[in-house]
Structures are given as C-alpha cells and as structure tokens.
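K.L.:
Each chain, written out:
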Amino acid sequence: MIGLFWNLLLAIAWVVLSGSVTAMNLLAGFCFGYIALMVLQNQVPALKGYSRRIPRLIAFLAFFLKELVKSNLRVAYDVATPVWHMKPGVIAFPLQARTDMEIMFVSSVISLTPGTLSLDVSDDRRVLFIHAMFLQDEEQLRNDLRELEHRILKVMR
Amino acid sequence: MKTNTLILHTAALAIMPLQLMFSVFLLLRGHDEPGGGFIGGLVAASAFVLYAFAFGAESTRKLLRVSPRDILAAGLLFGLASTIPAFWTGQAMLTALWWEVPLPGEGYLKLSTVLIFDIGVYLAVLGTLMTFVISLMESDE
Amino acid sequence: MNPELVLPILIPLTAGALSLAFWRSITLQRVLAVVATGLLLAAGIWLMSSTIEQGFLVVEMGSWPAPFSIVLVSDVLGAIMIVLTGIIGLAIAIYSLASTPKGHEKFGYYPLMHLLLAGVAGAFLTGDIFNLFVWFEVMLLASFALLTLGGERAQMEGAIKYVTLNLFSSAIFLSAVGLLYGMVGTLNMADIAQKLNSVEDPGMVTVVSLMFMVSFGIKAAAFPLFFWLPASYHTPQVAVSALFAGLLTKVGVYALYRVFTLIFTQDVAYTHTILLWAAALTMLTGVLGAAAQFEFRRILSFHIVSQIGYMLLGLALFTPLALIGGVFYIMHHIIVKTNLFLVSGITYRLLGSYELKNLGGVYRQRPYLALLFLIPALSLAGIPPLSGFFAKFIVVKASLEASEYVISAIALLVGLLTLYSMIKIWAEVFWKKVPDHVTDVGRLNGEIKNTHNWAYYVPVVGLAACTLIIGLYGQPIYVLAETAADQLMNPQLYIEAVLGGTPK
Amino acid sequence: MSEIFVSILLLAGASFMVLAAIGIVRLPDLPTRMHASTKAGAMGAILTMAGVALHFSDSAVAARAIAFIVFILLTAPIAAHVIGRAGYFTGISLWSGTTKDELRERYDPDTHKLYSGLETKTDRAVPDNNKDGSG
Amino acid sequence: MMLLAVLSGFLLAVAVPALYRVAGKHIGWVLALLPALLTAYFVSLIPAVSGGETLLIRNQWMPGLGVSLDFMVDGLALVFALLISGIGTFILIYAGSYLQGHKDLGRFYVIMMSFMASMLGLVLSDNLITFFVFWELTSITSYMLIGFNHEDAEARKCALQGLFVTAGGGLVLMAGLILLIFITGSYSFSEILASDLAIHDHGYYTAAAVCILIGAFTKSAQVPFHFWLPNAMAAPTPVSAYLHSATMVKAGVYLLARLNSSMDGDALWSNSLMFFGAATMLTGAYLAFSSTGIKKVLAYSTVMALGTLTMLIGIGTEKAIIAFVCVLVAHSLYKGALFMLAGALDHETGAKDITKMGGLWRSMPRTAVITGLAALSLAGLPPLFGFVAKELMFESVINSPVWPWGLLTAAVASSILVVAVAGLVFLKPFFGPVRTTPKQPHDAPVAMLIGPAVLTLLALIFGVVPFVPAIFVLDATVSSVYGTGVTTALALWHGVNVPLMLSGASLLAGSLLFITWQRLHPTLYAVNTAASRFGPEAGYFRFMLGITQVASWQTRVLQNGVLGIYLLILVLVTFGLTGYTLFTRHGFQLDFDFSNGYFYEFGIALLIVAATVFASVTRSRLGSVASVGVLGFGVALIFIHFSAPDLGITQLLVETLTVILLVLVLFKLPPFVNLSSPWERYRDLSVAIFAGATMTLLMLAVLDIQYFDSISSYYIENSYGLAFGKNIVNVILVDFRQLDTLGEIFVLGLAAMGVYSMVKLRAEDQHKP
Amino acid sequence: MLGIAINIVYLMLSLALLFAFIRLTRGPSLADRVVALELIASVVVGYVGVHAIDTGVSSFLDVAIVISLTAFLAAIGFARFLERGGVKDE
Amino acid sequence: METLMAYVVGLLFTASIYMMLRRSIVKLVIGLIILSNAANLLIFVVAGLTRGAPPLIPEGASEVVGAVADPLPQALILTAIVIAFSVLAFAVVLIRRAYEVVGTDDLDKMKDTDT
Ligand code: NA
Ligand code: NA
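Chains as they are written, first to last, in full-length UniProt numbering: chain A, 1 to 157; chain B, 1 to 141; chain C, 1 to 504; chain D, 1 to 135; chain E, 1 to 769; chain F, 1 to 90; chain G, 1 to 115.
Careful: at least some of the hints might be erroneous.
[What the hints assert, rightly or not] Simulated restraints, written as ranges between beta carbons of each label pair: (1) E:717 / C:101: 28 to 36 angstroms; (2) C:437 / E:526: 36 to 44 angstroms; (3) B:89 / E:588: 50 to 58 angstroms; (4) G:63 / E:613: 57 to 65 angstroms; (5) A:142 / E:677: 31 to 39 angstroms; (6) A:94 / G:108: 55 to 63 angstroms; (7) E:670 / D:66: 53 to 61 angstroms; (8) C:469 / G:112: 57 to 65 angstroms; (9) E:511 / C:357: 50 to 58 angstroms; (10) B:99 / E:594: 45 to 53 angstroms; (11) G:103 / E:526: 18 to 26 angstroms; (12) E:493 / C:403: 50 to 58 angstroms.
In short, the hints are calculated from the structure, not lab data. Just so we're clear, the structure is a prediction, and the values are computed from it rather than from any experiment. Glycine included, each C-beta is placed from N, C-alpha and C at the ideal position.
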C-alpha cells in the first residue's frame, strides 16, 4: 500500500519531469520508481492514508507561504536596519510528531521558515531544539510553531 | 561529537529516490537534452553519497547489494558490449545501431547501441564514485 | 573494416573489464592475463602483416567519415609498436604469475595491467590528437594505480612526484590541443597536417608545437623533464617497473615521432634543433645519473632516460637514416630494458635486495641467469652483434652523416658509460662474492624451490631470444624500420590514407 | 502582462538573494546568518523558478520548475539543519545577545546523549546542568 | 666453409658445458681438435694465397645496413688466422692442464672458444662492420677472461680497465670506420684496398684517420693506452699467453696493417705510427726491464713488440713491412711460449716473482731448455727467428725515410733493454742460488710443455731456414700490407753489416744492464712509483673518479628529490620555450579590449579571480577547499553563460563531489603551515606569474588566428539526421567520438581501482606475518 | 521591461555573489564558510533561471535542478567533517 | 569577452602553479584542481565564446535554429573534466596515504626515493 503510494508518486513525478504525458511514459516512470523503491524497500517506514491529504496539503501550503513571507520580511527588516532587533536563543520545543517522517517534515518546515532553525531532536524524539531569531515573545513563537506542526501532521496523518 | 541524526536519516530516505529517479531521467533523455550517462551517473552517485553520509558505508554497501566494483565492471562491460554489434554487421567498431521496437499503441521504443553505451557510462560513473566514497569512508570508520 | 586494427585496443580493454568483473577469482585473472596478452600479441602480428601488405590501415570509428570521426590508423611504426606491446605484455603477464605478491593480485594487479596495455595500444593506433590525450590518460591512471599498488612508503613518495609531473604534462598537452583546435578547428591528425601545409605564416603553430614537445618530452622523460622517472620507477614491484620501463616512456617518444613528422614540420630547423640538444643532454644526464647509482633498478631507470636520448636523436636529425635508427632503437630498447628489469627481479628474489652492496655471487651459482643478464645488458651497452649495437650504429652513422660531430661524440661517450654501468652491475651482482653480511643466501644456492620458477625464466629467455634475433637476424627488422622511416618521411602518404579514401 | 509578473518574480527572487547575502555578511553569528541565508536563498531561487515557469508558459518547463521547487524545499532545510547542528555542537561562539540555550543544558558531551527534559527521573542517570558553560 | 670456420668456435662454445660433462679433465685436448682442424684448413689455403690470390667469401647478413658476413683471405689475414688457430690449439691443451680441477674450467672454455672465434672473425672479415663486431666481441670476451678470477676484486678492476680502454677505443674506431665508409662509399676492406681512391684528400680523412688510430692504439696498448695490458695479467696464464701472442693486442696492429696500403702516403698516418710506435717500444722495453713479476715483465715486453710493429708499419717501406711480418710471427711464437712457460713456473713452484725464484734448472730441466730458446728469440739472438726479425727491423729503421736517427736510437735502446729482459726471464729463475718456492718444483706435465716446445721449435726452424715461411706466406702477407706484389728473400746470415753490429752492441750493453739489474732495481722502482702518479694510468683513474664525481654531483643537483624544484624546472622549460618561441616567431601583443563583455560577465570573472586568489592565499585548508568550490561554480557559470549547459551541469556535479572527496580525505591531514621561506615564495610566485602571463599571451595570439573553420558544422548538421540525437554535445560524446568516452570511463574505472587498492591494501598489512 | 529587470537581477545577483564570497573568505568558522557556499549555490540557481529567460533556452533549467538535488551534499560533507572531529576554525 | 577570459585563465595558471610549488601536499592538490580548471577554460575560451545558443536542437525541430556554440570543444572539455576528476580523486587519496605512510605533509621531506 505504502509502496504503491510512493511508486505512483514517483511515476507521476516522472511524467511531470519528462513533460510528455503518455501511457508509455507513465509506465516507464512506474518501472523506474519501482526500481528506485526496490533499492530502498527495507528502509522506508510505513505511510498510509495518503488520499485524504491533498486538500489539507493545499491549505497547509497557503499557510506556510504566508508564514514564509511574513518571517522573511521580519528577518529582512532586521538585516537591513543598522540596529539589531533580534533576540536569538535556543528553545526546546516538545513535539507532537511521532514517526520519523513526521518529525523530519516538521523540522524541515521549521527550518525553512526564516527566524527558526531546527538544530536537533532529543534522543527520545520528544523534543525539537530550535534556534530562534526573535525570542521577544517566546509564547507567541511556540504557539506559531505548534500551529505549524499541527497543520503538517494533519496533512501527513 | 554527536553524530547521526534522525532528521538526516529520514530526509535521506525521502530525497534519495528522487535523485535516483532523476538520474535515470537524465540518462535516458541525454541524447536530446542536457544530461546523459555521465551526468546521470553522477546524480545517482550523489544519491548514494547522501545515503552513505546518513547511514554509513556499511549500510550503503548493503543497500547496493553488489559491490561498487561490480557496478563499475558492469558499466565497463556494457560500454564494450555496445561496440560488438557493429562487428556482426561488418561495420567499424563503435558504429551505432538503432532498433525501433514497436510498442502496443502508438510509437516506437528506440533502442540503440548508443543507449547501451550510455547505460555503461552511467554504471561506470556510479560504480567509480561509490568505490571512492565507500572505501574512503570505511577507512575512516 | 579491419578488425586487426581494433583488436589491439579491444582485447586488453575487454580483458581488463573481465578481470575486474572476476575480481575474486585470482586463478581466472591469471589465466586471462596470459591468454589476453597472447591474443594481443597475435593481433599485433596480424596487424603487422596487414600493414606491411597494405601500407596503411585506417578504420573510422563509428563509420563516420574521417576528419569527423576518430580514426585508428596503423602505419608500420604503429604496427611495430603494437607488436612490441604484445611481446612485453605477454612477457610481463607470464612473469607476473610468479613475481606478483598475493596482495597485489587481490587488489587489481591484472586489470590494471590490461588497461595499461590498452592505453598504450590506443596511443599507438589513434589518429586523433584528442583521442591520444584520452589514451595517455588511460595509460597514466593505470600506471598511477600500479605504481602505488602495495602502499610502501617509497611508492607513495615516488608516486607523488610521478603523478604531479605527469599531470602537469597532461595539462600542457590538453592546453596545446585546445590552442591547436582554436587555430585549425580539427582534431584528426592527418587533417591537421593537411591543413597546416597550406598555412602561410605558421609562427603560432611552431609555438604550439613546442607545447606538444614539452608535454611529450615529459612523458618520454627527456632532459630536463625526466625527474619523475628516476624518482619512481624503482619503487613498485618489479614486474610493474619492467612494464613501465619497456612501454611508458616509449609512448612519449612515439608521440613525438608522430607529431613531429606528420604535423609539425613547418620549422624543422628550429624545432628539431631543440630536440637535438634535448636528445644529447638526455643521453648524457641519464647516463651520468646511472653512474652515480648503486641500486640495480635505479641504474636501469637512469638508463631509460639515457636511451631515450638516442631515440630522440633519431627524430631530431630528421633524416631517413636517422629515423631508421630511431625506430630500430625503440624496438631494441623496449625489449632489452624490460628484460633487464625482469632479471633484476630474479636476483632480487634470490638475494632479497636491489642494492649492489647486498648482492653478489650470482654468476657462481646461477651461470645461466648471468648469461641471461649479459645478453640484454651488453645489448643495451651496444656491444655487437646484439640488437643495441646496430641501433647505436645506425644512429651514430646518421648523426655523422648529418655532420653533427659533437652529438656523435656524445652518443659514443654515452655508449661507453652505459657499458660502464652494465659492467658495474655485472661485477657487483654477478662476479663479486656474496657479501659477508648477507646471510640469507639459501635461495641463491637453490635451496628454495618455487613452483612458478619457470614463469620467471620463460619471459627472460624469450626476450633475450628477441634481442639475439634482432641482432643476428636483423635484416627483416631493419627493413621494417626502413619502411617505417620511409612512411614517416612522407607524411603525405599518411594523410592520403586517412583522408583520401584508400581501399579499406 | 506576464512580462511584468515575470519581472516582479525575478526581482523579488533576486531581492531575497541580496537579502540573504547582506544578512550573511552582517549578522553576528552562525545561526543568525543561517536564518538569513539558507531560507532567503532558497526563497529567492524558488521565486526565480516561478518566474521561469511563468515566462515559458510551457507545461514541460513548468513541470521542471515545480520539480525544482520541490527539490529545494526538501534539500535546503536539511542542509541548514545539518550545518547548523554541526556548527552548534562543535561549539562555535554564539552572539553575545543570545538570550537562552535550552539545548546545552540537556546535552551530555561525554555520553553524547541529548535529553528531552521530559524523561521520568529514572531515565536520566546523571544531571549535567553543571557541565554547561555560560550559555 | 669459411663461415663455418669462423662460427664453429661459437658453436663449440655453446656445446662446451655438455662436452665438459663427457670429456672431463681431457676437455682441453678434445677442444683443441677444433683449432687444430682450423689450422689444417688454413694451411690448405696457403697455396692459393701464396699464389697471389685473395679469397673472398660472401654471406648475407643485414644488406640494408651494408653489413655482410663477407670474408677475405689474403696473406695478412691468413698469417693471423694461422697464428690464432695454431697457437690456440696449444693454448687450449695447455689450459686444460694449467686449470685442471678448477671449478670454472667449463666456463673458461666457453669464453675461450668464443674469444678465439671472435679473433678469427676479426682477421678474416672483409666487411668493416662485421670486422667491428668481432673487434668488440674480442673486447668483451677478453674482459670475461681477464676477470676470470672474478671473486678477486683486483681482477675485476683490471678487467674493467682493459674493457674500458679497449671498448672506449672501439667506439672511437666505430666513428672512424663510419667516416671511412663515407669516404670510400664501401663497406668492404677488399673494395677499399682495391680502389685507387685518394682517401687522404677527402674532408673526412683526418677525422677518420685519428679515430682509427685511437681505436687501434687502445687495442694494441700503444702509449699512452699501454697501461691496461700489464694489468690484464690478472687473467689466468693461458689467457695471457694467447692474448699477447696471437690475439687481442694484435688486433690493433692487424687493423693498422690492413688499412696501411690505403691510408699510407699521408704524413699524419705514418708519422703517428712511427712516433707512437717508437715511444711504445721504448716505454715497453724500459718498463719490462724495471718490473719483477715474471708475467709483468713479459707483458711489458709485449708492449715493446707492439710498439715495434706499429713503428714498422709507420715506416712503411718494403723492408719495413717485411720486418713487420717477421717481428709479428717471431713475437707470437716466443711470447706464446714464454707465457706458457711462465705459467708452468708459477703452476709448479707457486711463485710469480723472478726475485723469488732461482736455480730451478735442476728440478725443471725441460722447462729450462725451452725457456732458454724462447728467451734467445726474445733477445733477438741467432739462430732463432727473433734474430732474423730484429735484423730486419734495424735495417728498415736505418733506411727509414723519416727520423731515421731518432727511430734508431729508440730501437737500439729497446734492443739493449730487451736483452737484459731476456736475461731476467731466463737466467734469474733457472740459475743462480736455489730459492725455496711455495711448492716443491718439478717439471711441468706434457700438456703444458707441448705448446712452448712446438712454438720454440718453429721459431728455431724459421730462424735456421727462414726461406720456409718466406716461400709459403711471407710474400703474400707483405704484399697485402704493402699494397703491391713483393718478393722477399730471408736469410739468417747476411754477413757483417750495420744491423749485425748493432745487435752485437745491444747484446753487450744488455748483458751489462742485466748484471747491474740487482743494483739498479731499487732506483727504478722508486722512479716508476713516482712517475706512476702522473702517468696515463693515473689519468685513467682520475678520469674514472671524475666520471663518478661529476655523475654524483649532477645527480645531486638535478635529481635532488625536491618536487618543487622539479616542477619549477618543468614550468620554466615549458613556458621559457613557448614564450621565447612566441616572441621570436609571432610576437607579443597585449589586448585590453573588453568592450564586448557584459557587466555580469565581469562579475563572474571577478568571482573566479577572487576565489582563485583566496584559495591560494588563505591559511585555512577548508577555506581553500570551499573557495575552490566557488571557483568551480564560477567556471560552471562561464560554461552556462556561454552556451554549454552540459558542461555547466557536469562542472557543478564534479565540483560538489570534489569538495566531498577533499573533505573526506582532508581531516586526516594537518593544517596549513607556511613551510617555505619568503625568498622561495617570491621565486615561485614570479615563476608562476611568468607561466600565467605566457599562457595569456598564447591565448591572445591564438584568439586572433583562425586558419580554418571548425569541423563542428558536420556534427551540427548531422546530429539529428544521422545520429538521431538533439543534444549535439551528447551525440558527439556517445556516437561521433564514442571512443573518447569509452576511454574516459576506463579512466574512471582505473581511478576507482587505484583508490580502492590504495585505501584497502596497505603496506603495513602486508608485512604482518 | 523584462530586459531591464533581467539586467537589474543580474546586478543584484552579482552583488549577492560578492557578499557571499566575502563571508566565505572571512569565516570565521568552517560552518560559516559552508553557509556561504550554499548561498552561492542558490545564487547560481537564480542566475541560471534568469539566464534561461534571458536566452529563451529552457534547457538551462536542468542545471538548476541538478544543483537543487546535489549541491547540499557538500554541506553535509562539511558537516560530517566537523562531526568527525575536524578542525572547526578553518 | 575572450580577451578578458584569457587574462583570467592566465591567473588560474599562475595560481595553480604557485600552489603546486608549495611544500604542503594539500596545497599541491588544490593547485591540481585549479590547473585542470585552467586547462578546461582555456579550451573553452580559445574555441570561441557564444552567448545563449547551446548546441541543442529544439523540441520538435530537426535542426538547430541559427548559429549555435561549437559543440566539439564542449565534448572535449566534458571528457577532460571527467578525466581530471578521476585523476584528482586518485591524487587526493594518494596524498592522504602518503601523509599516513611518510608522516609529514612536507614535500621537501619526501625525497628519500630519489638518490
Ligand atoms: Na536590524
Ligand atoms: Na582562434
């Protein structure tokens, strides 16, 4: 089931990449995706229920884009102005995400957002350590991060 | 210091198939667009390098199943094999031969010694780079 | 379609790839080593006979028309070089069965050997200047790997110099190809030659030709570009040294012969005079270098340099007789020098050292080995009626004929000093008593039997036989050299063969 | 019309690049530089590619641009994470204005264990608060 | 038949090991059959040759080179052939006994047979090159013979000396012969001799003559090359006997005689011969007189004889040539005998020095008798052939067209000395008080005496009835040396004439000298020791030392082990040559027209420059690596910007992987430290700037030149139509120029194998048990 | 319009390259240099994109894709160097 | 632009040679990298620079539109890049092994084998 998901994804990606939408090409993509996954089969953890995620994904993307622009501007402002407004620090952020894939996505998205950078996950995978640039209002930041995580998890679960 | 992170591991597993797939893509369309066996092979190798950085040399060996050396040998033999059909047809070595295999539906699948050769290049590049990286990493571990 | 022109490249390439594929089966690799080099020799002989019959053999790779495709071309010189490659390859392959340490066999000795031969053969046959670069690199990488195989300290130190200086040479070669292409827009050597013939003011061509000269001069180990050779040739295991000694520098010499007869003949008075002095100084510095050495292989290594001078002299004088002499010298030297290294390997096996002070007594205990040393050694020194005599004779005669008296005198003096070196080895290794401090003389006295003993001697005897044949039955060899020189002096024939659509 | 959009996208992308570049030069320590550079750099690249897709308005080009964006989104944070992490753990000096460090106190440099701080008491054998530096 | 005659020695040499196993200690007798047969064969040629015929035998060898196994038998060749095979017969027999039980006897005979064959080949060759082949073969085989006792360092040294001098001379001779070939256009002695070409008018003549003379002088131990010959005594006595009497040293004389009729008539040729011959004669005689080792005495007397022969050729009158032939034969006979006898003395008494022997005639009567006769011949006393020869010599010296008085003085002085020498050789050991010798002396076995006996007997016969040799070969021999037909009449007794009076005077003075020898000897010894510091032998040693010193100095300077210096030289040579050539053949022209570039292209260029400079100057290794990465990006941008997307991609990928490899490897290596001195850095920087500037100038020059359009239009036109690909670069790589790519993947594979074995196969692992 | 924009973008990208390179030279830590290198890769991507538009050759996009898929490996390599105890201040 | 690049290439040669002349083996390797870049750029520049016309036949077309850049030097450089990379990989590992075996990174201390 999971294999099939990835496989199809890869096949579609293939078609998209090659830019020629034919049955043959899809089949070829499927085959190559299959080969790619075959190499990986022992390592890929379980994934399921992907079909419901597309609308959530779109919603998430919109949210993410907004965050992205917002925080980018904030960083830009600080960089561009002579005085530092920032108040950086490393915080421990307790995670709702559980599987490897979830944690990876959460941390990646956090990293992608300017102003926050995932440094590491605790050994028990319950806490993500984040370097944040603007710790003026730490609670607000934690709330934002929690919302982000929540939206990601909704897409992934 | 502390090594091996969950994030890198997971990301490697996610990124690697994309790289591999893209490498095959580059290989196959190299005749018409930028790409080809060499570039494809390099991208494929980067996929495995990523894996090796995340999981270590030993796991990469297991993932590859065959020794990088054998991939290399296969690549070289493919490269040489592409020269042979020309002999049968009595032409000079390395003369390209093209076969059009009709496919169900419309279109033809273009097979050629050139493709065989490009696959050889791809495998040789992959095998070579994996030999470099794995043996160097193993010597450190 | 001439398969014999392709096979000398294809056979070692395939053997190399197969040996790599059979990495774990040493036995299979050993069998393949002998079979493939034997086939290479057979292909070489086939090539030789076809070339003699047809004058030139040309194959356009990929069936594309000539200046656009890479062509393989064989003239008599090329065919000679291929036959020699086959001979040396086979000799080394057999010798390796006995001499190669297990560890080396397990780590790719045989595939590297095959690919080295492939690179050498490719360089001899290609008619394309960039393709020549590629084969040079194949050869070079194989030699790098063989040189470092084993990982001894001396190998590493030697290899750093070898690698660096050769890479510099490659970079110059590559740049020169680029500059040449910028001017003539083609890579096929015949095409370049033909086009340059019609150039009015070839000053820049001469400039670029000097880059080729330097680059090939480095590969050929000419003065003052030879440093990499004495720094490294004595460091790998002996079969590798022997293989290098026989073939590698000669590829550089061959390349000089090729381009400075075919392409760069615009300003012979200038370019070939430079070559002439390089040749003289190469002879002299090489032989003096050898005089200062007291290690078997180091002496031999410096003599490679010195002998390269004679071969360059043949080219530099640029008369028909001189080219005959040069070609003859190449044939003679490849066989003789390889053989000497092989003999040094046997004495090493017997006494465990290459240092003259640790060697001795071989004449007493192994008279036939002593004879097997004397044949190539005296031949190298130019003692008649061995091959080296005729080689030197022709070259000296050519230089006297060209009124280059100083050069002739140097050539003769170097001959004497070469004899001095060979006699030094003879006196120290063979005549002298085993020094008292050498305790492990068991093998010398024949106590230890090696099951592959024959593999040490078969190639040495075979090569000695070649030396004797060239000397005693030299007429066919001379005729070959004469034909080769004749073709070299008439580049128009080559150009017509490649571009003029001769029957294939 | 599309020219204007393309221009805007390109200029926006380039602006992000410049922002990242200025940030990387100006900002005082590694993590803060990374806030500017990796994200803004990626952002700039994404916007540029969007411009490319729009400019060519060709499905194949668009598909490749999308693929590029996906790839960048996957790889950029990983690179950032790995470098930031490596920099942090090798002890690069943080800006003097750094206010807190909740990681340092939970990291045991001897055993290389990184605690979440949420473990039950028994999980945590030796408290190592005293091992951290000034923070 | 002639070919077989010459080569049979080599063939038999090859068979010696097998024969030795069969024949055992009789090997000497068995092998002697061959030279005996050869002697018979050569004797059978006498009638034809003495009839004035020159036998020419032609065999192909390397016609392309003008080398053939052509043989010529005229009087001169035949006399030599007879001496070589005849004396050789006895030497072989003698050696079997002398070296009986020697562990290397088999090897000895192998070399000896080869030597004999080489010598025969030398004197019989008609082809100049073949002649030279045999000439060099005698050098090398005599080397093996001189160094026969090879575990003795002294023997090795002496052998090397002999070889070095003769082979060195041989090489000069080669040049001379080649010049002679140029002059005459012929490779054949017989043709050269028969032609009436004015050789000395040719521009090459002087060079050729000098070269040939040097070659002959080294071989025949003429002053100043005489020093090697006495040292050749390190060889076993049979070898010395053979070398001195009939072979090796006579080769030079043979050559002079052979070419005389063509070269004669020129002052350079004959005056050199006379001068050096006389000097050698005198020097040899003096040194013989002042030595004590019996073999050394004999050796120097050989030098004297060789000088005499050379001088006689130089005089060149008919008389002189007759004298030449007689001295030649006489010397061969008595010297062969005396050496074998000296060996017998040594063999039976264990003593080598004449001061250590005395009164041996009682225990070795037969040896004494034969020695006495041979010594008479040496002294030039009747009724032996030596007397006939000496009389002729005096006569021709007196009648010499040039320097008669000088030559005569030398001849008489030598003659006096040689009388004393003969006394030393014969009287010292056999008479006077009996001295104890290391071995109990008794007469030598028959195998060791038969040779001396026969040779002395021949000397006696020839002396008593000198018309016998005259009838058979003398005329023909003299004719071949002199050039025109000559009829001679020899007689023991010519009546009382000037030569006879000179002989008598010499005998008298010589006897006096002999008597005072004991008293003179310490002084002579001191003089010789002092002189030896300046003599030619000292020169030889200085030369050898000089070679070694120059060699090691040169090697220290050039091959100094410092990679930086090597590279520096390479760079200087490369760019010096190209730069100079550019300057002279094309000219420099700087071009600063950058107007056709866009500002961002300058930006890329600037990035490349900055990255390069930073990578070179930074003291941070990884900073340098990262900067090289940036350089790679910059180059990739250039590729991309100038229409090479494939190159751009490849460059980026390779750059990334390079950085990864460097990083993988580097952390085991230490950080940068500045190791060079500022001076070295400035030096290197200037060289590097010179190189870079030259490259720029080259590029600028080439940019202006495009002789022809690129062949690429073919690829562009046919990429799709014929090769079915739209990416033309890729089509070139995998189709038009596929062979390059095939080679390229093998390069990759080789790098992989190299890296793999370097990482995995470690020297330290191999040394583990 | 687009032409002007493209030129401005080229200028901005050139500036970005310059700044990033300054950081690369300054360090002070290896991680800083690596970050700079990553940024340069991104700028190159931007450059490639603009160039594709400038020349109208969409094939250049592949360069960008390859960079996106592989350039980050260098960073991972450097990080590995640091993790394995390499000198950080280089 | 070729003119400017000629100067850049000259600088690359200068830098590479200077680095190769240093005594540190790491600098030697960096010199080698720069050298291969220099040679590749040289070919590229000397063959002539063309803006914005890669030698590709557009989608749907069967021949190139207008003048395109010379594809041959590109193919050559591609080969050269790969070869240089192979060589470099070997050289990098070589210097590491040399350092391990010899125990120094100073090239001047690696002269035992010569004389
Ligand atoms: Na600010
Ligand atoms: Na040009």
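K.L.:
Now look at each hint and say whether the structure bears it out.
P.N.:
Hint by hint, here is what the structure shows:
1. E:717 / C:101: 28 to 36 angstroms: Violated: the Cβ-Cβ distance is about 55 angstroms, outside 28 to 36 angstroms.
2. C:437 / E:526: 36 to 44 angstroms: 40 angstroms, holds
3. B:89 / E:588: 50 to 58 angstroms: For residue 588 (chain E) against residue 89 (chain B), whose Cβ atoms are near 54 angstroms apart, the range 50 to 58 angstroms holds.
4. G:63 / E:613: 57 to 65 angstroms: With Cβ atoms ~44 angstroms apart, the hint is violated.
5. A:142 / E:677: 31 to 39 angstroms: 60 angstroms, violated
6. A:94 / G:108: 55 to 63 angstroms: 58 angstroms, holds
7. E:670 / D:66: 53 to 61 angstroms: Violated, at about 47 angstroms.
8. C:469 / G:112: 57 to 65 angstroms: 41 angstroms, violated
9. E:511 / C:357: 50 to 58 angstroms: 53 angstroms, holds
10. B:99 / E:594: 45 to 53 angstroms: 52 angstroms, holds
11. G:103 / E:526: 18 to 26 angstroms: 60 angstroms, violated
12. E:493 / C:403: 50 to 58 angstroms: With Cβ atoms ~57 angstroms apart, the hint holds.
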